[in-house]
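Trainee: Spelled out, the chains give:
Protein chains: 2
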Amino acid sequence: MSSSAQPLLLRALAGETLPRPPVWFMRQAGRSLPEYRALRETAGDFLTMCFNPEMAAEITLQPMRRFPFDAAIVFADILLIPQALGQDLWFAAGEGPRLGPLPALASMRGEIEASTGRLASIGETLSRVRAALEPERALIGFAGAPWTVATYMIEGRSSDRSGARTYAHQHPAELDQLLDILVEATSRYLVMQAGAGAQALKIFESWAEQLPEDVFERVVIGPHTRIVEQVRAAGVDVPIIGFPRGAGALVENYAEKVPVNAVGLDAQAPIALGQRLQKGGKTIQGALDNLLLRAGGPALDRRVDQLLESWGRGPYVFNLGHGVLPDTPIAHIEQVVRRVTGK
Amino acid sequence: MSSSAQPLLLRALAGETLPRPPVWFMRQAGRSLPEYRALRETAGDFLTMCFNPEMAAEITLQPMRRFPFDAAIVFADILLIPQALGQDLWFAAGEGPRLGPLPALASMRGEIEASTGRLASIGETLSRVRAALEPERALIGFAGAPWTVATYMIEGRSSDRSGARTYAHQHPAELDQLLDILVEATSRYLVMQAGAGAQALKIFESWAEQLPEDVFERVVIGPHTRIVEQVRAAGVDVPIIGFPRGAGALVENYAEKVPVNAVGLDAQAPIALGQRLQKGGKTIQGALDNLLLRAGGPALDRRVDQLLESWGRGPYVFNLGHGVLPDTPIAHIEQVVRRVTGK
Numbered sequence: 001m002s003s004s005a006q007p008l009l010l011r012a013l014a015g016e017t018l019p020r021p022p023v024w025f026m027r028q029a030g031r032s033l034p035e036y037r038a039l040r041e042t043a044g045d046f047l048t049m050c051f052n053p054e055m056a057a058e059i060t061l062q063p064m065r066r067f068p069f070d071a072a073i074v075f076a077d078i079l080l081i082p083q084a085l086g087q088d089l090w091f092a093a094g095e096g097p098r099l100g101p102l103p104a105l106a107s108m109r110g111e112i113e114a115s116t117g118r119l120a121s122i123g124e125t126l127s128r129v130r131a132a133l134e135p136e137r138a139l140i141g142f143a144g145a146p147w148t149v150a151t152y153m154i155e156g157r158s159s160d161r162s163g164a165r166t167y168a169h170q171h172p173a174e175l176d177q178l179l180d181i182l183v184e185a186t187s188r189y190l191v192m193q194a195g196a197g198a199q200a201l202k203i204f205e206s207w208a209e210q211l212p213e214d215v216f217e218r219v220v221i222g223p224h225t226r227i228v229e230q231v232r233a234a235g236v237d238v239p240i241i242g243f244p245r246g247a248g249a250l251v252e253n254y255a256e257k258v259p260v261n262a263v264g265l266d267a268q269a270p271i272a273l274g275q276r277l278q279k280g281g282k283t284i285q286g287a288l289d290n291l292l293l294r295a296g297g298p299a300l301d302r303r304v305d306q307l308l309e310s311w312g313r314g315p316y317v318f319n320l321g322h323g324v325l326p327d328t329p330i331a332h333i334e335q336v337v338r339r340v341t342g343k
Numbered sequence: 001m002s003s004s005a006q007p008l009l010l011r012a013l014a015g016e017t018l019p020r021p022p023v024w025f026m027r028q029a030g031r032s033l034p035e036y037r038a039l040r041e042t043a044g045d046f047l048t049m050c051f052n053p054e055m056a057a058e059i060t061l062q063p064m065r066r067f068p069f070d071a072a073i074v075f076a077d078i079l080l081i082p083q084a085l086g087q088d089l090w091f092a093a094g095e096g097p098r099l100g101p102l103p104a105l106a107s108m109r110g111e112i113e114a115s116t117g118r119l120a121s122i123g124e125t126l127s128r129v130r131a132a133l134e135p136e137r138a139l140i141g142f143a144g145a146p147w148t149v150a151t152y153m154i155e156g157r158s159s160d161r162s163g164a165r166t167y168a169h170q171h172p173a174e175l176d177q178l179l180d181i182l183v184e185a186t187s188r189y190l191v192m193q194a195g196a197g198a199q200a201l202k203i204f205e206s207w208a209e210q211l212p213e214d215v216f217e218r219v220v221i222g223p224h225t226r227i228v229e230q231v232r233a234a235g236v237d238v239p240i241i242g243f244p245r246g247a248g249a250l251v252e253n254y255a256e257k258v259p260v261n262a263v264g265l266d267a268q269a270p271i272a273l274g275q276r277l278q279k280g281g282k283t284i285q286g287a288l289d290n291l292l293l294r295a296g297g298p299a300l301d302r303r304v305d306q307l308l309e310s311w312g313r314g315p316y317v318f319n320l321g322h323g324v325l326p327d328t329p330i331a332h333i334e335q336v337v338r339r340v341t342g343k
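So the sequences go chain by chain: A and Z. If you read the first sequence in the working numbering, its first letter stands for residue 1, the second for the next number, and so on. If you read the second sequence in the working numbering, its first letter stands for residue 1, the second for the next number, and so on.
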């Protein structure tokens, strides 16, 4: 396939500057779409939907029918890995994820190899979506980053992560072991996804906030680096996007040290910082405020234009700085995608 | 008074590099101290304590008796200003602050001049503390920054600030007017505090997180700049510390544009970033993780040493990146203060 016939997302991730950036949105599938809400009413449990390839493929494709997004991202959850390693996981209505007690490290270590098999249905979802998706639209696989996943495993639920950050100070050796297990399981999971049809991979560090630099190096930069190295060592050469959300100024340390192809930026990232990353050889992705997307209006258009003008000349993937909020009007998503793509 | 007889804090804020940095902790007074908890049991309401100069002076001095801190900070609250402007304020047990409906802008504008008089008891607290405090120990006055105070005024309570950030996108003109009112009231309040004995002033922007750069410029950098200008225009020349907590990489924009003498850094601030601010002529203050202070142990000593070695050669004030947590062991505070001061 000639370079210009490649999906726009892959060209941007390869470092090409394009007439317009590719665009997709984190959480473009899911609760903001009425067709998802309708499906969910009949489908029942969230995890059932994640593990049913037919249903998960349908959910992945729903936003692709509605909007001219340049990429789909597989419908799954960052907490499937702890479950595959033996920690109980359930979703209480209106409460978000809940996890059972943290299993012994030795027990989880013994489950690493089997964990990838337990996630085989996610591979099946990817194969189905890849078969259904137009060739010019790319398919992204993903996993939660070890630190973010560990915060849920340690705290048992969504939280302000202060329990996990305290654990990082008080039990550094145990945390390092837990992160190592997650690095292994996550690397295998991502390799499996690439084999099943994912053309790019994304590592979601959703909770990189408030970590002191030395802890950030240990729990974010180290594990991300090892994942990329292990995925590459397995012969997988699809581009990898790292997203240390909330890393503040530490995103520059991240971009310098982690051998990802692209770095996701959150809504706070300064324009000049993104430009420095581009000059340093990274594609950047982000960073429209999801609250502004939901609010809409002329301020939304102005900010979209600013991001396009400031970052569009470097390798850039247009995206949000966080996921689409459930009550985001469809018309606002259309407004932005139209502005970016001209479609 | 010769320079070397000046309180260490003031020398550091004037840009001097010292044999050791001065040290104080945000929330050094308050719930982490048993003598505060005992007083609170008899004193009743939190606001009563803020507005009683005898009691507030006692609380301000409590940590000064226990620890060789180089500075005291007046016991007060960042939400006294909205109350003085006419918005109801109360503290529900275990729930934090609660505020009544936002008064009309015109009504609050009419209260600006009177608001400073309603806060006169804070000046009385400062005078009492200054009279009681040894001359080599400095006294700091403070106010909440307009954006942070506005988030409480808009949302009515502690929150994730997404309501206020949405308001910033949807009602920029109204927000600008509210911030202008707060700039006026805050400037007068700080001028009053300097007149009453505060030798340094601090502007607490506790919630600078997750603001896109253009919004940050508008709601943080602009109002802080105007406050410093107005305080200076009133003839007050005490040093001013600005603390945009959670500003991430945007703290560099802040340091470049806001004419404060010193910039507070949170626990996430990279070492190199602090050094850049020092080279740019700012004193920096921070940034020990309050969770690490609470956790204690050798990791705490190592991090204290790292901060001293990395930042101690520029103008530096040793502090936390956020307030002392209520359940922080006294022994850990002693451990750090001893390590910094040698006392």
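A portion of the hints provided could be inaccurate.
Any copy will do: because identical chains look the same in the list, a pair fits if it lies in one copy or spans two.
[Stated by the list, open to error] Taking lysine to any residue and the SDA-like style, the derived pairs with C-alpha atoms no more than 25 Å apart in a straight line are:
id, residue 1, residue 2
1, Lys279, Asn253
2, Lys257, Arg276
3, Lys343, Glu113
4, Lys279, Glu256
5, Lys257, Ala272
6, Lys279, Gly312
7, Lys343, Asp305
8, Lys343, Leu102
9, Lys257, Gly96
10, Lys257, Ala299
11, Lys257, Glu309
12, Lys257, Arg302
13, Lys257, Gln275
14, Lys343, Ala104
15, Lys343, Glu217
16, Lys257, Pro326
17, Lys279, Pro239
18, Lys279, Glu54
19, Lys279, Glu16
20, Lys257, Phe204
21, Lys257, Arg339
22, Lys279, Thr341
23, Lys257, Pro101
Just so you know, the hints here were simulated from the structure itself, not pulled from any lab data.
Trainee: Each hint: holds or not?
Mentor: Going through the hints against the structure:
no., hint, in the structure
1, Lys279 with Asn253, "both (15 Å within a copy, 20 Å between copies)"
2, Lys257 with Arg276, "both (14 Å within a copy, 20 Å between copies)"
3, Lys343 with Glu113, "neither (45 Å within a copy, 54 Å between copies)"
4, Lys279 with Glu256, "both (11 Å within a copy, 23 Å between copies)"
5, Lys257 with Ala272, "both (19 Å within a copy, 15 Å between copies)"
6, Lys279 with Gly312, "within (13 Å within a copy, 32 Å between copies)"
7, Lys343 with Asp305, "within (16 Å within a copy, 56 Å between copies)"
8, Lys343 with Leu102, "neither (48 Å within a copy, 43 Å between copies)"
9, Lys257 with Gly96, "neither (33 Å within a copy, 41 Å between copies)"
10, Lys257 with Ala299, "between (35 Å within a copy, 24 Å between copies)"
11, Lys257 with Glu309, "between (27 Å within a copy, 24 Å between copies)"
12, Lys257 with Arg302, "between (33 Å within a copy, 23 Å between copies)"
13, Lys257 with Gln275, "both (17 Å within a copy, 20 Å between copies)"
14, Lys343 with Ala104, "neither (52 Å within a copy, 44 Å between copies)"
15, Lys343 with Glu217, "neither (42 Å within a copy, 32 Å between copies)"
16, Lys257 with Pro326, "neither (34 Å within a copy, 37 Å between copies)"
17, Lys279 with Pro239, "within (18 Å within a copy, 38 Å between copies)"
18, Lys279 with Glu54, "neither (42 Å within a copy, 58 Å between copies)"
19, Lys279 with Glu16, "within (13 Å within a copy, 36 Å between copies)"
20, Lys257 with Phe204, "within (17 Å within a copy, 33 Å between copies)"
21, Lys257 with Arg339, "neither (34 Å within a copy, 32 Å between copies)"
22, Lys279 with Thr341, "within (24 Å within a copy, 43 Å between copies)"
23, Lys257 with Pro101, "neither (34 Å within a copy, 49 Å between copies)"
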